[in-house]
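Colleague: Mind docking chain U on chain R? Use the hints.
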Amino acid sequence: MASAKHLHPQEAETPVFDVNPVLGERATHYCPGCHHGIAHRLVSEALYELGVADKTILVASVGCSAFAYDYFNVDSVEAPHGRACAVATGIRRARPEAVVFTYQGDGDMAAIGIGESLHAANRGEKITAVFINNTVYGMTGGQMAPTTLIGQKTTTTLHGRNFHSEGGPIRLAEIMAQLQGVAHASRCALDSVKHVKEAKKAVRRAFDVQIAGLGFGFVELLSGCPTNWRMDPVSANRRIATDMIPVFPLGVFKDVKGT
Amino acid sequence: MSRIQVLEERCKGCRLCVDTCPAGVLRPSGRFNRQGYEVMEADEGCTGCASCAVMCPDTAIRVYRSVRGATA
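Sequences listed follow chains R and U, in order.
In terms of my numbering, the first sequence opens at residue 51 and continues consecutively.
In terms of my numbering, the second sequence opens at residue 2 and continues consecutively.
Calculated from the structure, these hints are not laboratory results.
Watch out, some of these pointers could steer you wrong.
As the list claims (entries may be wrong) - Pair ranges (Cβ atoms, derived):
#: 1; chain 1: R; residue 1: Phe213; chain 2: U; residue 2: Gly31; range: 18 to 28 Å
#: 2; chain 1: R; residue 1: Pro71; chain 2: U; residue 2: Ser67; range: 20 to 30 Å
#: 3; chain 1: R; residue 1: Gly174; chain 2: U; residue 2: Ala24; range: 42 to 52 Å
#: 4; chain 1: U; residue 1: Ser67; chain 2: R; residue 2: Gly210; range: 50 to 60 Å
Where is the CB? At the ideal position from N, CA and C, for every residue including glycine.
The following block holds chain R by itself, in its conformation from the complex:
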């Protein structure tokens, strides 16, 4: 186990929580309270439980998660901004035995990359997309993203996002569910133990449909960004339930069963 050197189990004790070897040992660069770390762990657990880590290729995106390749013990490719699903399409077609997934934020997947993402999904590419929705551009300093909530203040919407000038938040999971090539589309949150456990099942399912060859797997994870929301981590975590979930309802919007 990756963490074995940290463990000092006494004879009478049994570990009930440990990390899996697919998740790298390196401490992440993310801000305190950022949910990327939980999302990383869920993805690594899905790959570990499926036993496919040695043939998995991660397509990392641009954003705070640009360094995701440092945190997973899988092969990785860094895609140009927004083009992770296009790069993943090429990898999966060239290496059909591989398990390919993208890990993208909302600025990457829902803004600059929405064309590539929707078309890859519509073609039913056998890849998995993990979409982190935290309603802002994180890495570049908290600008408005397509998923920013109405009234939310960002560095580019100083008086709050106005529907009449900036439009409304894009609900990507619902859009994905409309596309014929998508086999699984769901939205989960990472703000509580219950939601994290539901998210774990959804991430696993998004990989299951790829491995079964059913089509595109998509899972949206509502996450917090304490730094760019100008909140402390605990308040940011609570904001997911109070502000985000009413706008981005949780649930499984499409799930194709194998025959």
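Modeller: Frame of chain R, contents of chain U only:
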């Protein structure tokens, strides 16, 4: 008797574990790690539910539960 181990060099002091713990045994320790973050520690009374570990974004918490009937 259950206990948690906080890997102090991984902890970033976000306190999501403190907010999550149903037993309320986690608290800031007053100690700081090399990155300058105040690390968490646990009092007696941990039930081993692992809620803190599930919510920890930095996988800084390990949870151990005593085996029933075993002597420590």
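Colleague: Does each hint hold? Answer for all of them.
Modeller: We went through each hint and held it up to the structure:
no. : hint                           : verdict
1   : R:Phe213 x U:Gly31: 18 to 28 Å : violated (47 Å)
2   : R:Pro71 x U:Ser67: 20 to 30 Å  : holds (26 Å)
3   : R:Gly174 x U:Ala24: 42 to 52 Å : holds (47 Å)
4   : U:Ser67 x R:Gly210: 50 to 60 Å : holds (52 Å)
The structure fails to meet hint 1 from the earlier list, while all remaining hints are met.
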